[in-house]
Structures are given as structure tokens and as C-alpha cells.
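S.K.: Sequences and hints are given; from them, build the entire structure.
One line per chain: the protein sequences are L and G, in this order. For the first sequence, counting from 1, position 285 maps to 285 in our numbering; every step adds exactly one. For the second sequence, counting from 1, position 48 maps to 48 in our numbering; every step adds exactly one.
Since the hints were made in silico from the structure, they are not lab data. None of the values given here were measured: they were computed from a predicted structure. The C-beta atom is built at its ideal place from N, Cα and C for all residues, glycine as well. Take these hints with a grain of salt, some might be off.
What the hints assert, rightly or not - Distance ranges between label pairs, derived from CB positions: (1) G:Lys160 / L:Glu224: 27 to 33 Å; (2) L:Glu224 / G:Ala177: 52 to 58 Å; (3) L:Val250 / G:Ala152: 29 to 35 Å; (4) L:Ala328 / G:Ser99: 55 to 61 Å.
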Amino acid sequence: MSEPTNRSSIASGSHPRHRFFRGVLDRLTIGLSMGGVVMMFGILLLIFAVLLNGAWMAIGHIGWKFFTTSTWNPVPGMDKYGVLAFAYGTAVTTFIALLLAVPLSIGCAVFITRLAPPWLAAPVSFLLELLAAIPSVVYGLWGAFVMSPWLQTHFEMWMWKALRNIKWIPVGHYPGHRTEYFPANLVHGGPSGSDFLAGGLILTIMILPIITAITRDVLQQFPEELEQGAYGLGATWWQTTRLALTYCRVGIFGAAVLGMARAIGETMAVVMVIGNTDRISSSLFAGGQTMAGVFVNEFLEADHPIYLSAMMYVALTLLVSALLTNLAARVLLNRIAPS
Amino acid sequence: MILADTSTDISQKAHGAGTHGLTGTVPVTTSATAARQAVEVQNLEVFYGQHRAVHNVNLKINHREVTAFIGPSGCGKSTILRCFNRMNDLVKHCRVQGSVKIHGADIYARGTDVMELRKRTGMVFQKPNPFPKSIHENVAYPLRIHGVRGKAVIAEKVEKSLRLAGLWDEVKDRLHASALSLSGGQQQRLCIARAIAVDPDVLLMDEPCSALDPIATKTIESLINELSKTITIVVVTHNMHQAVRVAHQTAFFYMGNLVETGPTDKIFHNPVQHQTLAYVTGQFG
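M.R.: So, in C-alpha cells, the structure goes:
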């Protein structure tokens with residue numbers, strides 16, 4: 001024990017005081033990391049509890065009708081609350097964003113990892129990460145002052161002219177209108193610039209960096225020997241790239257899920273371009289509202305108890321649906337993961 | 001007639017080599033077989049940036065024979081092998097001069113279809129590299145990328161290739177299991193099946209056994225013997241005994257130069273160059 005080379009005396013500190021401090025430090029570190037984990041779950045539970053408590057009154061008064069109606073009339077005495085229009089807004093904008101962002105991101109990531117020379121790949125990567133660091137309200141400002149006007153006068157105008165007379169599939173009718181057809185219904189109402197399309201586009205731009213960055217990292221994991229193997233069999237660049245994409249599909253799916261989570265929760269930028277009306281419309285040019293957006297617009301106005309409780313109910317719905325989509329994504333992920 | 005002679009040689013050699021190791025007697029290839037060359041290399045020079053990795057190599061590889069490339073690490077043997085299917089095109093700053101002809105056609109000529117070239121010259125790598133797909137899909141992959149369609153046609157080709165690679169009996173009941181569930185030796189035979197699925201003329205093997213245990217190595221070596229009846233095989237190896245066991249011809253490389261080439265027996269027992277003698281007797285390496 002007294003020999004300086006004795007391992008146990010080195011490990012526990014040769015001096016009793018050192019040994020004491022080392023023990024305390026160990027316990028402190030273990031305690032901190034355990035505490036971190038417990039706190040994470042604790043906070044989630046607490047948020048859930050607070051929202052449930054706040055929404056309890058609305059759940060009692062409105063019940064399931066909350067999910068089947070789209071009227072939102074908070075005037076005292078009227079008090080009609082339905083989340084459907086907001087849920088629809090969240091779903092449509094997220095869908096548009098994923099539809100556009102996923103292929104674009106994959107293209108971007110393929111460019112960075114498999115096409116661009118190193119002197120170009122590095123700055124492109126850097127710019128991409130920079131995009132992720134821009135605050136969402138700045139995106140919103142740009143969206144409201146630059147993108148929306150441009151959409152209204154150019155892109156949507158062009159889309160409207162192109163689609164308004166194409167009537168393939170009857171899809172029902174708007175109240176007070178003749179039967180609508182797909183895809184003409186997508187441009188019903190004409191260009192507005194502040195609509196589902198604008199909300200979806202701003203989300204596309206916002207989730208593009210994160211999906212691209214993760215897809216890029218995943219693609220870099222494609223083993224060199226498989227690449228060589230494919231080329232050695234006479235595969236073209238594109239065939240080898242397809243092999244790489246297939247190999248990385250689980251990771252790319254994960255990237256899309258993260259992008260989706262961000263799109264569902266994104267608030268400020270969307271509020272600034274989506275038009276903020278509580279209606280459900282199959283037209284991309286109709287104004288809408290998302291679940292997250294409702295808070296920004298109405299939280300300060302929620303001046304009577306049932307109104308406030310209904311807001312909490314929306315928040316609870318948002319939380320649960322975000323958890324459920326992530327859970328569903330996890331299940332899907334396990335299904336496509338190689339066994 | 002000539003080919004019949006060659007295959008008799010193989011069976012003799014395979015038998016003799018298995019029992020006698022380095023003393024195995026490989027009949028000297030007749031000049032008649034040498035007349036049919038699968039690969040002809042002229043004044044080949046390969047540069048990596050400023051570094052010249054291969055110096056003025058001239059070499060002929062006989063049709064439907066096994067040729068071994070031996071030499072110490074960094075002698076350029078793999079680099080030369082990778083010139084035969086232009087895999088060096090994928091290496092940055094790699095430059096190739098001189099000509100490589102496969103069955104008379106210069107593969108570095110302008111307008112060469114590199115994908116078609118790589119289809120005709122299959123390659124097997126040092127580390128088994130099956131794709132993370134099923135066993136069936138691994139062998140079907142080269143067929144699909146070269147435009148073969150039809151389930152029955154592909155299934156037939158896959159079975160034929162797996163049989164040729166001596167893997168069919170082991171995997172026929174689990175063709176749709178992941179290729180990664182196979183052992184290392186099986187994976188390497190799967191890679192061989194994958195390479196021969198599109199009926200290549202030449203099979204390039206870059207140290208195909210270096211990641212395998214002795215038993216798996218033996219299986220692959222007898223497979224090489226078997227395949228050389230129909231395919232020209234070039235095998236790069238670190239293992240001199242392996243060259244003796246499998247190759248009709250051996251080429252010895254040292255520091256980017258082709259020192260000596262000839263029938264395996266001659267290279268190992270009666271080499272002309274003192275460097276070759278020093279290497280095959282284990283004085284350096």
C-alpha cells in the first residue's frame with residue numbers, strides 16, 4: 001500500500017484529503033448527469049401537466065367537438081372554439097415544406113458530398129449552416145416584405161394563369177360557388193401573397209438547412225469500398241449515387257423528421273406570411289392559420305377564462321400531435337432500418 | 001485444342017500445388033497459348049501528382065490463364081491492376097500514360113465506354129464489399145445496372161453466378177437474407193459471383209484473400225482455378241505461396257518497375273533477375 005507504484009493507492013489518491021475530494025467530485029458528476037436526465041423528463045411532464053390543467057375547463061366545456069369544428073369565435077358569450085382550421089394550416093404548410101425541402105435538401109447534400117470540388121464544398125457547407133442560424137423573425141420579415149409581394153405579383157400570378165382553367169377531378173364546392181375541380185381549385189381566389197403557399201415556402205427555406213446538413217453528414221458515411229464496388233461493376237455516377245442514397249435512407253428519413261418537427265413548431269415567420277384567417281380551404285392562395293400561430297396572434301387578447309383555457313387546449317393538441325408524429329416517425333424508421 | 005491443354009495444366013497444378021507448396025510443378029506454358037493475349041500493356045506509366053508510381057511497364061497477360069502480380073507493398077502492382085478497368089480514373093491527380101489493350105482494344109483511347117469496360121473486366125477487392133442488400137439483390141445489381149430486365153432472366157443468371165462461385169448450395173435457401181449475414185469467405189465469394197454475373201472476359205482480383213482465414217482462402221483459390229477455364233484472371237497477392245498455388249504466370253514488381261515476368265515455376269525456381277530471386281527466397285519483402 002505504501003509503495004508509490006501500487007495501483008490502488010494511485011487510483012484512490014495517495015493522500016486521504018485527495019481521496020475525499022475525488023470521491024466528492026465523482027459523486028457530483030454522476031449526480032449532475034443523472035439530474036440532467038431526470039430534469040429533462042420532469043420538464044416534459046410538467047409542461048404536459050400545466051397544459052392539461054389549463055385546458056381542463058375547455059376540455060370539459062368543448063370536449064371532442066374541439067377537434068371536429070373549425071369555428072373560432074372568442075367573443076364573450078359566443079365562445080365557439082374549434083382547432084380544426086389551425087390543425088389544417090399546420091398540416092398543409094408542413095406538407096408543402098417537406099414536399100419541397102426534402103428533394104431540394106437531398107440534391108444539395110449530394111452536390112456537397114459527391115459533386116462539388118473541395119474548394120466549393122466547404123464554403124457552401126458553411127453558408128448552409130449560417131442559414132440555420134438566422135432568427136425566424138428575420139425570415140418572417142423577409143417573407144412579408146420581399147417574398148409575399150413577389151409571390152403575389154409574379155409566381156402566384158403565373159400559377160393562377162396556368163392552372164385556373166384546368167379541371168380534371170371534381171372536388172366539391174366552396175359555399176356559394178360552382179363545383180370546383182382539381183387542380184384549378186389550388187389557385188381558387190387568385191393571387192394573394194399571404195396564404196398557405198407563402199407559409200409553406202417560408203418553412204421550406206427554414207427547414208432546408210437542417211435537412212441538408214444531416215443528409216450531408218449521413219452521405220459522408222457511405223463506405224468507400226461500396227462506392228468502389230459499384231464503380232467496379234460498371235455503375236455510372238448516378239447509379240452509384242442512388243446506391244449511396246439507398247444505403248443512407250434511414251438517416252435521410254431521420255433528417256426529414258427533424259425538419260418536420262421544426263416545421264410543425266415554427267411560429268413567427270409563418271404568422272408573418274400566412275394571412276391569419278381561421279378557415280379551411282383547398283386553395284393554396286387562401287389565407288390560413290397554424291396551431292403555433294394562434295398563440296402569437298391571440299394570447300394577449302385571451303381575456304376571459306374559457307378563451308384562455310381554449311388556447312391551452314390548442315397548445316396541448318400541438319404538443320400531443322408533435323409527440324405522436326415523432327413517435328410514428330420512429331416506428332417507420334425502425335421498419336426501414338436494415339435488420 | 002490449345003485450351004484443352006491449358007485446363008489439363010490447371011488440374012495438375014492445382015493438385016500438385018496443394019500438396020507441395022512452393023515446390024509445386026507448373027508446366028511451362030506453351031508458346032501457342034501465349035499467342036492469345038487478353039491484356040497487352042505497353043509503356044505504361046502512372047503518376048500520382050508529381051510522383052511516378054509505375055515506370056514504363058510492358059506486359060502481356062494470356063487469355064484464360066491466371067496471372068499473379070507479386071511484389072512488396074507500394075511496388076505498384078495494385079495500381080497497374082486498377083489501370084485495366086480504369087478504376088484509377090476515380091483517383092484525383094492520377095495520370096496514366098501508355099496503352100492498355102484488352103482483346104486488342106485500347107481502353108485509354110478516346111471514346112472508350114468506361115462503364116462497358118468495367119462490366120467486361122470484373123473486379124474483386126481486398127475487403128469483401130457486398131452491398132447491404134439481400135444475397136440475391138447483390139448478384140442482381142450488376143445485371144440491373146446494365147439493363148437486364150425480367151425476373152426469371154435475372155433469377156437464372158443469379159443462380160448460375162452463385163453456382164460458378166461455389167456459393168449456391170450454401171445460400172439457396174436464404175437468397176433473400178442480408179448479404180451481411182454471410183461469413184467473410186462467403187461474402188468474398190458473393191462478390192466474385194457479383195463480378196461474374198455479367199460474364200466478364202477478365203477478372204481482376206486485388207488481394208482477394210488478405211482478409212480471410214486459411215480455409216476460406218483455400219476455397220477462393222480453388223475457385224480461381226475453376227474460373228480460369230472460362231475467364232482470364234489477374235490476381236494481386238502479397239502471399240507468394242498463393243501465387244505458386246493459383247497462377248500460371250507470375251509478374252514480379254519492385255518500386256514501380258516490372259522486374260520479371262514468366263511462368264510461375266520459372267519465376268520461383270529459376271528467375272533471371274537477382275532481385276526476383278532475392279524476393280521469392282524471402283531476402284526482402
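S.K.: If a hint holds in the structure, say so; if it does not, say that too.
M.R.: Now the hints, each set against the structure:
1. Separated by about 30 Å at the C-beta atoms, Lys160 of chain G and Glu224 of chain L satisfy the suggested range of 27 to 33 Å.
2. Separation of Glu224 of chain L from Ala177 of chain G is about 25 Å and departs from the stated range, judged on CB atoms against 52 to 58 Å.
3. Between Val250 of chain L and Ala152 of chain G the C-beta distance comes to about 32 Å, which sits within the given range of 29 to 35 Å.
4. Between Ala328 of chain L and Ser99 of chain G the beta carbons are some 59 Å apart, a value that agrees with the proposed interval 55 to 61 Å.
Checked against the numbered hints above, the structure violates only hint 2.
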